[in-house]
Each structure stands twice: as structure tokens, then as C-alpha cells.
Amino acid sequence: MFICSFRLLTDPWLWRMKQAAGMLYFYVRFRCGLSFLGKFMYNLLLVISVELLTFPFILLFFNLPMGMIQILVPALLALVGFVAIGLLVSLFSLKSQGRELLANVVSLPLFLPALFIGLSMTVDIAKGMSLPDVWRQDLFLLLYDVFFLAAAYLGFDSNYMD
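Going by the working numbering, the residue at position 109 of the sequence shown is 1309; the numbering climbs one at a time, nothing skipped.
You may find that some hints are simply not true.
The calculated label-pair distances, taken between Cβ atoms and stated as ranges, are [what the hints assert, rightly or not]: (1) E1300 with L1331: 16 to 24 Å; (2) Y1353 with L1302: 36 to 44 Å; (3) L1264 with Y1353: 31 to 39 Å; (4) Q1297 with M1329: 44 to 52 Å; (5) F1311 with L1253: 17 to 25 Å; (6) K1327 with Y1242: 15 to 23 Å.
Calculated directly from the structure, the hints in this document are not laboratory data. Every residue gets a Cβ at the ideal spot worked out from N, C-alpha and C, and that includes glycine.
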């Protein structure tokens, strides 16, 4: 439903009716930005819902106390990076042959830093460290997310979408 509402906002026919000839550049940038935001938010909400559904089972299987909510912080930070990398790689492999294999091969090395840092943060927090104790890893994941979000947004050109 969320992606459908953004599709309505980004429909080229509706925007062509409202745009003047001199506003074409604004139209293309605005359309790509809304399309990126819609796709990113849809994928992020989908993966977050799966993560929140499985979180009680993780606490149960690893015998962690129920108040261990701070374990979600590294998981959510790594998750934003995974979604941004997934969008970026799928966007660039869109018009290539063998895109199913290409997306997996290219995205794996990009996923590994977020995966390893997120796992080490989760283990440190489960051992009893607090979030201020793992601030360097937190900062790395935050910068990692910002970098790949910016790269995916800038790479979201209208040539790839049509």
C-alpha cells in the first residue's frame, strides 16, 4: 500500500500534466527521489517487520534476558545498510544479462563489513557491554549506512528506471 501511494505520486503522466517545459530537470530529480524513497521505505519496513517478529525467538534461543532491547540497535543499523546496498546493486544489475547471479556476487562483499561489525556489536552487548562502550562500531555502521544511502540515491537515475 505504501509503495502504491508513492507510485501515484511518481506517475510520469500525472507529473507531465503539471510541469512546464523549463521544469523538466526538477521533474526528473523529484520523480527519482520519490521513487527511491518509496522503494527504500517499502523494503526497510518489510525487513524490519521480519526482524521484529523473530526478535523474541532470538532472545529465547540464546537465553538472553527479555530487557535486552539494545541488541536491536546494531541489527537495525546493519539492516539499513543491507537495504541500501540491495537497492544499489539491483539498480545497477537491472539491465544486464545474468542479473540474478550478478546481484548476489556483487552484493556479498559489500554486505560483509556491516554483517561482521553488527555481529561483533551484538556479541559485545550480549556479554554485558553498553552502547556507549561500542560507540566506534556504532559510528562505523552509521557512516556505512549514510554512504550507501547517498550512493543509492545518487545512482537512482531515470535512465535505469524506465
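Structure-based check of each hint:
Against the hinted window of 16 to 24 Å, the Cβ-Cβ separation of E1300 and L1331 comes to about 38 Å, which falls outside the hint. Range check, Y1353 to L1302: about 21 Å between beta-carbon atoms, so the 36 to 44 Å window is missed. Range check, L1264 to Y1353: Cβ separation about 36 Å, and the 31 to 39 Å hint holds. Roughly 47 Å separates the CB atoms of Q1297 and M1329, a value that falls within the hinted 44 to 52 Å.
Checked against the hint of 17 to 25 Å, the C-beta distance between F1311 and L1253 comes to roughly 21 Å, which is consistent with it. Evaluation of the 15 to 23 Å hint for K1327 and Y1242 yields a failure: the beta carbon distance comes to about 35 Å.
Of the hints listed earlier, those the structure fails to meet are numbers 1, 2 and 6, in rising order.
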